[in-house]
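Asks: These are the residues of each chain, in order.
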Amino acid sequence: MHSIHIKYILSFIIIFFIAACDKDFESINTNPASANDIPPEFLFTNALLSGALNSNQAGGATLSYAACFIQHLASTKFNWQGDKYYNDPFHGNALFNDAYRNEVKTLTELLRMLDEMPEKQNLQAMARIWRTVVFHRLTDFYGDLPYSEAGLAFAEKIYEPIYDTQQNIYEDMLQELEAACAALDGSKSTPAQADILYNGDVEKWRKFGYSMMLRLAMRLTKVDIDMAAIWSKKALTGGIMTDDNYSALVSRATGPADINKNGISHFLSIEDQGRICKTFVDWLQNHNDPRLDVYAWQKLGNDWLGLPNGIDDLHIIEFVGGNDLDSFTRINPLLLNLDAPSIIMSAAEPQLLAAEAALRGWSQEDPTVHYESAIRASMKMWGRFDGSLSIGDQAIDEYLINNPLPANSDNAIPFIQEQYWAATFLNELETYANWRRTGYPELIPVNFPGNATGGTIPRRLRYPQVEYSVNNANINAAIQRQGPDEMTTRVWWDQ
Amino acid sequence: MTVSGTVTDETGEGLIGVNVFEESGLKGTTTDATGNFNLEVSANAIIVFSMIGFETLKFPAPPYGRLNVMMIEGVQLKEIVVTALGVERDAASLSYSVTKISAQPLTVSRENNIANGLSGQVAGVNVAGLATGPAGSSRIVIRGHHSISRDNQPLYVVDGLPIDNTNLGNANTNGGQDWGDGISSISPDDIESIQILKGANAAALYGSRAANGVILITSKKGAAGIFGVEINSNLTLEEPLVLHDWQRAYGQGWVAFKPASADDAYSSNWFHYGPKLDGEPTIQFDGIERPYEDAGDAFKQFYETGRTLTNSLALTGGAEKINFRFGFTNLENKAIIPNSGLDRRSLTLSLNAQPAKRLTASFNIRYINQEVKNRSQLAASPLNPNYSVGILPINTPYNALKGPNGDGSTTEGNEFSFVGNPYINNPFWIINHVRNKDDKNRFIGVGELKYDLNGWLYALLRVGRDQYTIRRTEITPIGTSFLPGGGMNEANIKNTETNTDAWIGSKHIFENGFGYDIMIGGSRRDAAFELLSISGQNFLIPDLNSITNLSNVTNNYGLWKRRSNAVFSTAQFSWKSLLYLNLTGRQEWFSTLPKDDNTLFYPSAGLSFVFSELDKMPNWLSFGKWRFSYAQVSGDVDPYSLALNYNLRASGHLGLPLGQVANTTVPDEALHPALASELETGFDLRFLNGRVGLDLSLYRQHTRKDLVVSAISNTSGFDARFVKDGEVKNLGIEVNLHLVPIKKENWLWETNLNFAKNDNEVINLGADATTIELARSSNDVPVAFIHNEVGQPASVIKGFEYKRDDAGNIIIGADGVPLQGDLVVLGNGVHDFTGGWSNTLHWKNFSFNFLLDFKTGAKVFSGSNAFATLTGRHKMTLPGREEGYISPGVTESGEPNEVLIDPLFLITYWSILPGRIAEPFVYDASYIKLRQASLTWRMPTNWLENIKLKDIEISLTGRNLLLLFSNIPNVDPESAFQNGNAQGLEMFSVPPVRTFGFNLRARI
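These protein sequence lines map, in sequence, to chains A and B. Oh and the first sequence: position 53 is 53 in our numbering, straight run, nothing missing. Add 10000 to a position in the second sequence, counting from 1, and you land on the number used in our numbering.
If you're looking for bench data, these hints aren't it; they were derived computationally from the structure. Where a beta carbon is used, it is the ideal one built from N, C-alpha and C, also for glycine. Hints may be right or wrong, so weigh each one.
[Said to hold, decoys possible] One-sided excerpt, in silico: chain A residues whose CB lies under 8 Å from chain B:
{"#": "1", "residue": "21"}
{"#": "2", "residue": "152"}
{"#": "3", "residue": "159"}
{"#": "4", "residue": "161"}
{"#": "5", "residue": "176"}
{"#": "6", "residue": "249"}
{"#": "7", "residue": "437"}
{"#": "8", "residue": "439"}
{"#": "9", "residue": "441"}
{"#": "10", "residue": "445"}
[Unchecked claim] Counterexamples of contact, computed for chain B against chain A with all Cβ distances above 12 Å:
{"#": "11", "residue": "10243"}
{"#": "12", "residue": "10278"}
{"#": "13", "residue": "10718"}
{"#": "14", "residue": "10772"}
{"#": "15", "residue": "10883"}
{"#": "16", "residue": "10912"}
[As the list claims (entries may be wrong)] What the simulated footprint calls covered on chain A by chain B, stretch by stretch (three residues with Cβ under 8 Å from a Cβ of chain B suffice, anywhere in the stretch; the number is not a length):
{"#": "17", "stretch": "45–57"}
{"#": "18", "stretch": "72–85"}
{"#": "19", "stretch": "197–207"}
{"#": "20", "stretch": "259–273"}
{"#": "21", "stretch": "306–316"}
{"#": "22", "stretch": "417–431"}
I would like the entire structure built from these sequences, with the hints used as guidance.
Replies: Shown next, in the form of structure tokens:
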């Protein structure tokens, strides 16, 4: 009788366990909250939104550094270390860290997916253009960077990407733009509303692509004038943005999550410690520029009062306005709604660069025409933030009469750079890059005790310290090549 | 059969009232006035002798029916221990190290998390001190890190059922809370004993999770025929053990001047580079002038006296074929941080029955309800009150932060901010307005049926489930500096773990002295963790803290499932009481691994030689055993590690979905089971009737195919990847020395010294890596990293050292600040030498007990000290305040440094230094603590008879009473803010507390 029990129990164990040793394991190990596949358009929307920069990137890196370096903004506060040329790794790292984890990662997977989808050639071209948007900002800000091997941990098992030279990155980005613009085809399908930049408009993307090409080409005027000329001509032949309808602005929203919000507005809603710099307020005032009322806001009844750079709360007492930061001119709150669009490129930028190219003799067009359409585009664009901010045609005409493009090209090129500086407010990474390229407007640096640059305007930001921990050999090779990892070291095109 | 005998104490006096019962719980009795007993038991029964104040003893029923027992206070020569799966074995037969702890001291000198009570008690069991508050997690590591990145904590098993010990959220360097772990729910009042199986041998029966050792918890049970009531009441008061010792001579200011305006004071708030305190009226952050003087230590004013009151009641009883124990414990804790604390109620029911002749059944059921209020934020987190209080200016009175309403708010109801950084928050605002709470309901049930087929063959089925749900609410109110619209998070967490084991077993001892004990069976484990959460920002209706009252809401859902199946077998062959051979084997399948490489067989073998059983051994040797064992064990990874997946980010954008890659660790379809092995040998020697005992173990643990999650450069697109052939080794020695120096009529002194040394070395991190990052101190300055590096122990602290010349002089830059040297290993984050010394002294009805606990061989990167240096609060920043500072060292050309840092620019010096160099903030983390002390008085028997009670004990008790030795200023050397593998970082956590208390225990 006992043997019956034994048989029964043994077969119970065998059936229950052994026969089922790995049955159902694959379904158990399938994540119910994620998918094996996804429409590429979903990734594209995310890449565009991430690339429009979050609060840490647009605020921390862009405002508290770049905007202070080029004297658009100023702050007396310790957190705004760019105002005094201090080095604060937290804010300084933000652009770098978040870009690779979000936009580069998403774009890499998107482009890998699109390799198998020839019918989505427009989407692929748009993603390639967007990739240059992401990378040129990074390399302009930091210098040599992981580029050719970036984002490939899954696809190619590259865990310690090499740092490409900025020269190689630029050469490749220009070729990417050329190929992508050529691939755009109005007769093929488009990502339509998933494209939060241009709503699938192929023509606008092509103009944006060539405008990016012009931006990158002009970046090289100091380091390789021939290359600058060749690529500028290609860009101008291809066709750049002509008016504000083409300006590249990414739509944002008030929520639900932080990523939906305009990064600049979100940052300032928390750390409202930046004021418009005295240099900038004075320039706009001296030029009787109607954009002063667009950019700036002053307490009723008070005169404009820009805040100088390089002043702390102790010393601000000695200045007019004193220690009450409310007496200094602020950014117009109408530009700082959480759903304000993020500026990637305004049509004014390529038009000004086209004017410069014409002055350099790289096109037969009239630089004045480009200059005037640039000013028109710049003054119109702010209407997209709030209807009341659109500057009327009469005021624009008046401004153009009072501020004509100088006839002499020696004067005209610096003049254009000052206008570029004035037009690229809130697109501070671009302002900073163009200032480094041209040296205009001539800015007087500040020399606050303990600054990291010996009282000179920084030429780049330092790499995140963590790269020394996880990618040591490659970052050291980059530093060997490029120069010490300091804010005073110049990037390749800034030599 | 009937067993009869006499129970005596050490002096040979008969002991009255000793509980004598069959361990299966069906029959029991008590000894009479002369210590005699008679008990009817089944053959092969285990007979238990228990009495308060004496070690519980267990003996197999003797074949000839006579059993005389001497019960000794705290000393025992022969015992039955519980091994894996609840199988009981004679301790002498085991070929690996097992240590048993009585749970009773853990109820007198309590910790809220019972695991912390093990600190210093057992050689080789390293209990890390966490500074995360009363409901925090614990971290126990036995014999060093066995894995480079996977969990290194032991498996906890309660009454044969593995329970969940998931950490529900740790702080990292950017802050966060410790949301607690699984073991913290278990109340010590219901526990009979705790056994620690240190090696990997138990893994054959428990599976891969036992690779790091097993902590077996055995609940108290009832006994037939004895109805009893037991009451325990415990009250403790708590206060911070280590206070800050900042400089108190120089006041607020950042360039050698006092703040000149409210704005200036506000933005330079935490900097202490102002002039010497002079008592003159000086403007502060709120525009009020106050004397520029030492306004008192905010640290002392902020923390209240904590209080924990624990009451428990247990009823035991039974009839012939059934017995029970029912216990209820209520714990109420008010923590040292105002408005925070923990309430915990637990119910346990243990039931044993014999429903049919050959069938025995037992059930253990626990229900635990835990409510935690306002777990503190930790580290460099916004809303961390410890951080805010730690950096409050010396000349700002703590009460000035109360603001116009007295609760840290402004007249408009916003946060009364005292510092120009929105992420540093007013402590009054935090404690009065910011809220979090979590309510956990946990059910642990295990049922066991055993069927005896005949005298030598049995079958057993055990099914158990550990399930809990947690409701968590976090509210950041409107007006908080960094989130002016406020925000809220609601989460529901459900965790389940189901274990099923079944086996048939057979054991027999033949007349020639040969015996065997064999079992074969199978087991299945199913585990799932489910999270559903809603979070949002911007409250619409003020003062309505509801998730439905937010303008921005996002949802989150996750479900992580895993299963493992196994078949196993164990066999023990014995010859007399002299020689035992133990063999085990297990084949385990893991759902988390690829289908074609998801299983591994791992065996173990061991020998125990009880040489004291040999003839002609000297009398003074009471017991002597040599043991030797070898075991292998496998392991797996987290679910969903194999394939690339996509999901949606946040809640989309303007109605459009945002797609992203879900994985942050690079998926790897070629993962394989991990493999580790352990070799152990040791002696257990007892002399002079057990008055001297020495237990010594040597082991060599070697993990060869470790599955390591290794941090990689963000530029690769991912945060981490798998390294499949990680290799790490532990080599160690454990010594436990037991002495009874005094044993007289009214006196007994027992002392126990244990220590262990573990040498850990990371041998291989994969083909293309020599160092990987586990954690970093901060994204901000100053920075240190925790790495695993080939050739170093696991979890080393790395940071930039000073740049030095060949003679070792520090090289100073042209700016007068030391230059950055290389990124180097600055110390081991895990102590490699641990131990404890416990003493118990009995005199008549009094007993006094204390435990010293010591550790050395580790360092800690102190974020608190580094930040205090940056802000001029640290005493290190005092030199040169008046006359300027010349950093000692040489210039790059070798000349003595002569760059004088102007007192005006000391802030520059001290803010550049920590940005460049981590070395000065890495401290030796060695310590000696008076971990526990208690004085107990037991009411004499004749008094008890008068009041008709069985037993009354009153104790004065304390834990963490004194920090006797420490090399780190301002913080407790046990101040980790998380319980993961990355140990060695500290940053403004909840200060560890010293507790004093009172315990009353009565039996009716």
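Asks: Each hint: holds or not?
Replies: Right, here's what the structure says about each hint:
About 5 Å separates the beta-carbon of residue 21(A) from the nearest beta-carbon of chain B, less than 8 Å, and the hint is met. Given the 8 Å rule on beta carbons, the hint for residue 152(A) holds: about 7 Å separates it from the nearest Cβ of chain B. Here the hint on residue 159(A) is kept, as its CB sits about 4 Å from the closest CB of chain B, short of 8 Å. Because the closest C-beta pair between residue 161(A) and chain B is about 5 Å apart, less than 8 Å, the hint holds.
Restraint check, residue 176(A) versus chain B: the minimum CB separation of about 18 Å is more than 8 Å; hint violated. Because the smallest distance between the Cβ of residue 249(A) and any Cβ of chain B comes to about 13 Å, over 8 Å, the interface hint for this residue is violated. For residue 437(A), the suggested interface contact is broken, since its CB lies about 25 Å from the closest CB of chain B, more than 8 Å. Interface hint at residue 439(A): violated, since its Cβ lies 27 Å from the closest Cβ of chain B, which is beyond the 8 Å cut-off.
Look at residue 441(A): its Cβ only gets to about 29 Å from chain B, farther than 8 Å, so that hint breaks. Taken as an interface hint, residue 445(A) does not check out: its beta carbon lies about 17 Å from the nearest beta carbon of chain B, beyond 8 Å. Even its closest Cβ contact with chain A, about 28 Å, leaves residue 10243(B) beyond 12 Å, as expected for a residue assigned away from the interface. Its beta-carbon lying about 18 Å from the closest one in chain A, residue 10278(B) satisfies the requirement of being farther than 12 Å from that chain.
At roughly 4 Å, the least C-beta separation between residue 10718(B) and chain A is not larger than 12 Å, which violates its mark as non-interface. Not every C-beta of chain A lies more than 12 Å from that of residue 10772(B), the closest at about 8 Å, which undercuts listing it as non-interface. Its beta-carbon lying about 18 Å from the closest one in chain A, residue 10883(B) satisfies the requirement of being farther than 12 Å from that chain. Distance check on residue 10912(B): its Cβ comes as close as 7 Å (rounded) to a Cβ of chain A, failing to clear the 12 Å threshold; non-interface status is violated.
With 3 residues bearing a CB less than 8 Å from a CB of chain B, the stretch 45–57 of chain A meets the requirement of three and the coverage assertion stands. Beta-carbon proximity to chain B at under 8 Å applies to 4 residues in the stretch 72–85 of chain A; the threshold of 3 is reached and the given coverage holds. Look at the stretch 197–207 of chain A against chain B: 0 of its residues bring a Cβ nearer than 8 Å to a Cβ of that chain, fewer than three, so the hint is violated. A count of 6 residues in the stretch 259–273 of chain A with a Cβ less than 8 Å from any Cβ of chain B is obtained; the coverage claim is therefore met, three being the minimum.
Check result for the stretch 306–316 of chain A against chain B: holds, 4 residues qualifying (beta carbon to beta carbon below 8 Å, three or more required). For the stretch 417–431 of chain A, the stated coverage by chain B is not satisfied: 0 residues place a CB nearer than 8 Å to a CB of that chain, which falls below the threshold of 3.
Checked against the numbered hints listed earlier, the structure breaks hints 5, 6, 7, 8, 9, 10, 13, 14, 16, 19, 22; every other hint is satisfied.
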